[in-house]
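Trainee: One letter stands for each residue in the lines below.
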Amino acid sequence: MSEPMGFFTDTTVCIGCKACEVACKEWNQLPAANGGVRLLSGDSYDNTRHLDGIHWRHVKFIEQFSADRRQGRWLMMSDVCKHCVRAGCLEVCPTGAIVRTEFDTVVIQSDACNGCRDCIGACPFGVIDINPVSGTAQKCTLCYDRMKVGLEPACAKACPTKSINFGTIADLKKMAQARLGQLPQTGESRAYLYGADEGMLGGLNSFYLLVDKPEVYGLPPDPRLPSRNLKSSAVWSMLGAVVITLTSLISFRNRGRRDV
Amino acid sequence: MSSTFFTASPHWRWLILAYFFLGGLAGGSYFLATLLDLFGKGRDRRLVHLGYLIAFPLVCVCGLVLTVDLGRPERFWHMLVQSETFRPILKTYSPMSTGAWALLLFGGCAFLSFVAVLAERGWLGWPLLRQLGSPAFVGRLVTVIGALLGVYVAGYTGVLLAVTNRPIWADTTLLGLTFLISAASTSAALLILVGSWGGASDDSIDALERFDASVLVLEAVVIAALIASLGRIATVWLNGWGLLLAGMVLGGIALPLYVRFRGWGPRRAIGPALVLLGGLILRAVIIFSSDRLT
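Protein chains in written order, with the numbering used here: chain A, 15 to 274; chain B, 414 to 707.
Looking at chain A on its own, in the form it has when it is part of the complex (with noise of 0.2 Å):
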């Protein structure tokens, strides 16, 4: 196994281009929505709206400004598959479809996928949606076929400004960490580290510097395992079956003056 692989993408620097977000559709050859017909979502600048089948990277615009409109910010930040370590979609997929690669990313084979959609539920970031060409849940494979050929991913190619970042998991780590060390002196103070940690789902391959609250940019506070739920579903479940079965035997075999 080779060492494993990632994004690490800072937010501060990201300009809200785009260019990433093109960059994956042409390498990837994913088809337009709507079938090319523009469709304008109202939100800023933001037409993409959320990560699918058919956009593996989207750039979020989010405008935080005081009611006078005197005082105001721009967030932007280019979300992806974070390449969970312990990933929700791999552990449901019934068909074997989703794999982690040597590089310790996720990747969902499309000749696999029979499009049974469980694992678009059991992602915690709501990245995974049907391809409507294909048929199959599809998502960000980290450009796997680029990478085995000493690529780096597309997006982090076409990245301007080096908000994405691709490397090695140790390697992008060091920069995150000097990027923090660096951001105070420039007035920054309340940059953190999302998902670069193991205690996130085990770490994410693909993880962010932030300066607000995950919940701003779409990202959930404390994302969790699917499975955490299965024993105690389980056991209640046996519980219900067991008081099914005795309440039928009593009902059953007690039948008053009419039991022969």
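Hint data in this document are derived by calculation from the structure and do not stem from the laboratory.
The beta carbon of each residue, even a glycine, is placed where N, CA and C say it ideally should be.
Hints are not guaranteed to be accurate.
Covered by chain B, according to a simulated footprint, are these stretches of chain A (three or more residues, beta-carbon under 8 Å) [claimed, not checked]:
{"no.": "1", "segment": "47-54"}
{"no.": "2", "segment": "94-108"}
{"no.": "3", "segment": "235-245"}
The calculated label-pair distances, taken between Cβ atoms and stated as ranges, are [as the list claims (entries may be wrong)]:
{"no.": "4", "chain 1": "A", "residue 1": "52", "chain 2": "B", "residue 2": "521", "range": "49 to 55 Å"}
{"no.": "5", "chain 1": "A", "residue 1": "260", "chain 2": "B", "residue 2": "609", "range": "50 to 56 Å"}
{"no.": "6", "chain 1": "A", "residue 1": "61", "chain 2": "B", "residue 2": "521", "range": "46 to 52 Å"}
For this one, chain A is given, so just place chain B on it according to the hints.
Mentor: Below, chain B alone, put in the same frame as chain A:
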């Protein structure tokens, strides 16, 4: 806000609703037929047969509905066999994986019991097939295994929803229990309806009615516990979905109980029909109210 509100919907809609409802009926009918078969009286035989006769067609419809719902229906077999290696695949920690196997094996048992009933009633001319039903040892084995799998099929669908990250579904661990109890009440209701028309003895139907009444009370308690377990998240039901759920409790639980204890003439038609409708609405509320969030 719960982290479940940052996720995407898997678009499980009408076909999945149909499967959850019919799967509960198939598993529940088979389970009740088996218990009547093993622990009931000789005069329950008609109802036992009806239970087995219902279960198999229902499980066939379930398989069909699930296949049609896939993004790639021709790959339905990928649920059971790895497409690359052609080896069986079973992930014990994935309810969809275990559920696919349970449905297949339950379908097998339901088929054998279906055939046994046809043989016992003389509609199939091969007497050896009677060995597939009780009191033959093989038949008993098939029905016991089938009943266990039937319970699994009836209840795992709720666990499947809980083992996601979706709002409501993953915010409680009582959905498996809720669906199981609801499957019991709706299956008993279906057997009462079919039994009344299909010549089952009054005594058998009385026994089922007693069972259904107890289970309906239990169902009301479980739904209350489900709402309590959701805590503040239950406020997402302060809308039409909540009204529908309240209507289900009143019309699908309270009213059938009232009709039964008042002893109204057509109670064996009205009560069970309301219970069946209630079971469908319960599942619809749980599936669609989450689907509409985020």
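Trainee: Going back to the hint list, which numbers does this structure go against?
Mentor: 1 and 5
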